[in-house]
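Visitor: Chain by chain, the residues:
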Amino acid sequence: MARHDPSKAAASGGNFEALHLDRITRRFHNMVALNELSLTVRRGEFIALLGPSGCGKSTALNCLAGLMPLSGGRIMLDDRRIDTLPPERRGFGMVFQNYALFPHMSVRKNIGFGLMMRNVPEKEAARRVNETLDLVQLQAHADKLPGQLSGGQQQRVAIARAIVVNPPLILMDEPLSNLDAKLRLEMRHEIRRIHHEVQRSTIYVTHDQDEALSLADRIVVMQDGVVQQIGTPEQLYNAPANLNVARFMGYRNVIAFDACSPLDGRRMQVHRNGVTLNATLQGDVAGHRCTVAIRPDDLRIGDPENDPEGANSLDGRVIEVEYCGRDWLVDVDTAIGVLHARIPQAATPGQRIRLVLPADRVLAYPQGRDAAMAVAAE
Amino acid sequence: MTSSNQTAWGHAWGRLTGSARRGGDDAPAPFDRTLLLLVPGILMVVLLFVYPFAYGLVLSFTPAEGGPFKNYVEFFSQSRLWGTIFTTLWLALPSTILNIALAVPIAFKMRVPFAGQRLLTTALVVPITLGTVLVAEGLLTYLGPQGWFNRILMAGHLIAQPLQLTHNYWGVMLSLIITGFPFAFLLILSHVTGIDPSLGNAAASLGARPFAQFRHIYLPLLAPGLAMTFCLVFVQAFSVFPSAVLLGAPAGPTRVISIAAYEAAFESYDYSMASAIAMVMGAVQLIIIVAVLVARGRFYRGPASGGKA
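Chains as they are written, first to last, in the numbering used here: chain A, 17 to 394; chain B, 2 to 310.
Worth flagging that the hints you see were computed from the coordinates, not collected in a lab.
Hints may be right or wrong, so weigh each one.
[As the list claims (entries may be wrong)] One side of the interface only, derived from the structure: several residues of chain A facing chain B at Cβ under 8 Å: (1) His120; (2) Gly163; (3) Arg177.
[Said to hold, decoys possible] Calculated from the model, a selection of chain B residues having no Cβ within reach of chain A, i.e. all distances over 10 Å: (4) Tyr73; (5) Phe115; (6) Ile218.
A virtual CB, placed ideally from N, CA and C, is assigned to each residue, including glycine.
The task is simple: from the sequences and hints, build the whole structure.
Guide: Below, the structure written as C-alpha cells:
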C-alpha cells in the first residue's frame, strides 16, 4: 500500500536518476497521435518537446502525466514502472496551458493544495508555501483569488503550485502561450531562473522555437506524432536532421535543386537553373536531387564591385523590405527563386544586391518525401 | 441600415449588440422607444401574476365573517390545516434532496461523451414531457398490488406479499422523484459542464484522488448551481397536487397544503380561506428559498474555469 501513497511516491521519486520513455505510443481510433517516442530524461534536465500543433507533443505530456492512457510502450522512473499509475499516484507537477488554478481558492490555498493532499502537517505546509511564494515573488498577492491576478501572476501561481510538492518531474504544457509578447519573454526568463533554483527535471511543451532554444538543455522536435530529432539547442539550430526540423528552426529558404554532385567529405555542389552552389550535406547518402535549406540570418551581402566573380553568391533584385529594428528582412528575387535574407543595412525595393551564401550554412538534404513536400508547399 | 433595422425588433437587436455603445455618455439619451417593447411583457406579468396575487392577498384578509386575521388564526390553530405544511415539507424536502443526490453523479458521468450518451440523456429527460397526471396514472398501475413492479419482485421470491406503494406516502414520493429528476438532472448537467475539466486534472496531478477532487474542487464550484437547482425543484415539489391525490392518501399521510387549499376553495367554497392557505404556502416556499440563497451566498461565486482559456 505504501507505494500508493502520493507522498511516498513523491519522496522516492524526488531523487530519481533517469526517467525512461520506452516507445510510448498513443492511438485515437485509427489515428496515431504519438508513435514510439523513446527518450531518457536525466535528473535536473530541461527537455522541450517542440512541434507544430497536432504533432503529438501535448499527447506525450498528457500520457506522462497519466491523464491519457498509453496505447503502447512503457514509462519507467528508474526501475519503477509508472505508466499504469493514475495521475494522483505519479507525483508529477503539472503546469497547464490555461493554468487550471482553482478559482475558489486563494493563491496560498492553491499552492498548498498538493501539500494538503499529501497530508503534510499544517505548520510545515505553511512554511513551504511561504518559501514558494518567495520563489515566485507573489507574497503580496497570497490572499487574492486567481481571478484577481494578471496573466503573468496566474502563471507564477501555476508554477508555484506544481513545484511546492517537490515533484521529481515538472510537466509544462505551453505555459506561455496565453501571455503577450513582452510578458512571455519575462516569464521565459523566470522559468529558467526557477528551474536553476529548484533543479527539477522539466518537460516543457511548446510550439515556439525561441522558447525551446532558450530554455531547454535538450529539444525533441516532433511532427505528425513522430520524433524528428533529439539534440541540444545548438545541434538542432546548426544542423537540423531533416527539412521538417530545419523549417521549424527558422530555415525559411527551402529550395529544390535538380542535381547535386559530391565534392569531398560532406561538401557537395548543387545545381539549378544554371546556378551552382557549394553546400554541406546533411543526413545520409546524397541522391541525384536534393533540397537546400538556408536561414535568412546566414545570408550576407556581397560587394559586386570588389568581388566580380562572387564565390557562392547570387545576384538578385530586392522586392520586399521589412524593417525589424536591428536589421532588415528583405525578399530577393534570384535565379533560383525568392530568397529571404536578414541584412544589417537598409535596402529599397527594386535595388539590385548580391547575396553571399556561406557553403557551411547551405544545408543540402537528399531528395525524399520531405523534399517533395517542400516543393509542393512553395 | 439593413432592412431588419426598420422593424422594432431590429432596433432592439441593434441596442443589444454593439450599436447601443455608439451613444456615449456625453448627452442625455432621448426617450428610447424600443423600451416600449417591454410593455406587453410587463402587462402579462401584471395581469397574470401581480393582480391575482394582490387580489388573493386582499381576499385572504377579508373573510366572510370575523376580523381580518380570522383565516390565519384558524389555519394556525387547527392541526389538520397547519399540519399540511409539515406533510408537504416531509414530501418535498426529501424528494428534492434525493433528486439532487441522484442527478449529481449521473451528470458527472454524462459530461464526457460516450457511446449511447444521447439515448441515455433522452431516456432520463422524457418524464419531464409526460406531465404529472400521466406519470401518476402510470405509476398507479405499475406500482399497484397487481402491477409489474410487485409481480417481478414476487416472481423473484424477493417478497411474499405485494409491497404497498400506492395510496400512501411512497407513491407520492416516487412520483415526485420521477417528475423532479429530469429537471434536477438538466439543471445540474449545465452547471457541471461549465466547470473546466482541467481543474480536475490539475487536482489529480497534485495527488487528489477522485473523491478528493470532487470534495475540494467540483463541489465548491458546483454549490451555487446546486442551490439554484434545489430552489427550483423544491418549489415544484412543494406545490404537488395531482399525484398526492391520485397516488397518495389525500385524507391522511399525503394531505398536502395544496389539497387543503383545494378543499377550502371548491368544497367549502371559502375563497378567502383558500387564499390564506395559498399565501401561507407561498410564504413557506419563500422562507426555504431565502434560507438556501443565504447559504449560497457564503460559497464562492465566480467563473468555474482555471484562468485564461
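Visitor: Please settle this one: isoleucine 218/B was flagged as non-interface, so is its CB more than 10 Å from every CB on chain A?
Guide: Non-interface label fails for isoleucine 218/B: nearest chain A Cβ at 6 Å, not farther than 10 Å.
Visitor: Taking 8 Å as the limit, does the beta-carbon of histidine 120/A come near enough to a beta-carbon in chain B?
Guide: Hint on histidine 120/A: holds, closest Cβ of chain B at ~3 Å, below 8 Å.
Visitor: Does the interface hint hold: is arginine 177/A within less than 8 Å of chain B, judged Cβ to Cβ?
Guide: With a closest approach of 7 Å, the arginine 177/A hint holds.
Visitor: Would you settle whether the hint for glycine 163/A is holds or violated, based on the nearest Cβ-Cβ distance to chain B being less than 8 Å?
Guide: holds (6 Å)
Visitor: So phenylalanine 115/B supposedly isn't at the interface. Is its beta-carbon more than 10 Å from every beta-carbon in chain A?
Guide: holds (14 Å)
Visitor: Quick check for students: does the CB of tyrosine 73/B sit more than 10 Å from each CB in chain A?
Guide: holds (43 Å)
Violated hint: 6 only; the structure is consistent with all others.
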